[in-house]
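Using the sequences and the hints, build the whole thing.
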Amino acid sequence: SERARELVEQAEGYMLDNKYAKATDRLKDAKRLSPGNPIIEAGLANSQIGFGAYFSAELTLAKLFTRNPELAGAVFSDPKIMPNRTNLLIAANDLRSRLAAGRAANSKRNAGLGLVLAYIGWQVSDRTMVEEGLSEMTNSPQAGLEELLRAIWLAPVPE
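All the letters of the sequence shown, read from the start, carry residue numbers 311 to 469 under our numbering.
Just so you know, not all the hints are guaranteed correct.
What the hints assert, rightly or not - Simulated pairs of lysine-lysine, DSS-like, Cα-Cα distance not exceeding 30 Å: (1) 338 x 390; (2) 332 x 373; (3) 373 x 338; (4) 329 x 341; (5) 390 x 373; (6) 329 x 390; (7) 341 x 390; (8) 373 x 329.
Claimed, not checked - Between beta-carbon pairs, the in silico distance windows are: (9) 453 x 319: 20 to 28 Å; (10) 415 x 311: 40 to 48 Å; (11) 319 x 365: 40 to 48 Å; (12) 346 x 449: 28 to 36 Å; (13) 414 x 315: 17 to 25 Å; (14) 345 x 379: 12 to 20 Å; (15) 461 x 373: 18 to 26 Å; (16) 311 x 468: 36 to 44 Å; (17) 346 x 458: 38 to 46 Å; (18) 441 x 390: 36 to 44 Å; (19) 316 x 411: 35 to 43 Å; (20) 453 x 410: 28 to 36 Å; (21) 380 x 435: 14 to 22 Å.
By construction, these hints were calculated from the structure, which means they are not laboratory data.
Just so you know, even glycine gets a beta-carbon here, dropped at the ideal spot from N, CA and C.
Below, the structure written as structure tokens:
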């Protein structure tokens with residue numbers, strides 16, 4: 311819809327200004343007007359990561375890749391739809407801390423945080439980060455999704 315497009319454009323402006331919470335709000339509104347739109351969902355996951363809403367990002371990414379597995383290989387570089395590299399690396403460090411604390415507490419939430427870490431690794435071309443995140447998903451309810459993402463994100467690099 312026209313209104314959904316306007317909301318996405320507003321969200322893109324907020325993303326450029328690193329105002330991820332406002333971008334998330336606009337994208338949630340756009341998603342209600344245009345449910346199932348994978349580009350809006352991808353933007354929403356990216357803004358949630360920028361905002362530090364990792365459990366929300368986990369749910370958004372899991373839904374996105376389960377419904378649209380063809381999007382798992384996408385790399386987003388446009389700053390209108392993806393936090394900049396510095397912000398992504400800050401988020402990755404935050405996620406690593408949370409994962410370590412989760413392992414110490416035997417948390418069941420680590421698989422979801424692992425998904426977000428692996429996704430950031432894919433976006434910044436860091437295979438080690440991808441492997442680290444995906445390993446958190448092994449033997450979890452997300453194991454099926456982990457297999458799909460492992461096949462795409464850790465495919466052998468052609469010589």
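Index of numbered hints that the structure contradicts, given in increasing order: Failing hints, ascending: 9, 11, 13, 17, 18, 20.
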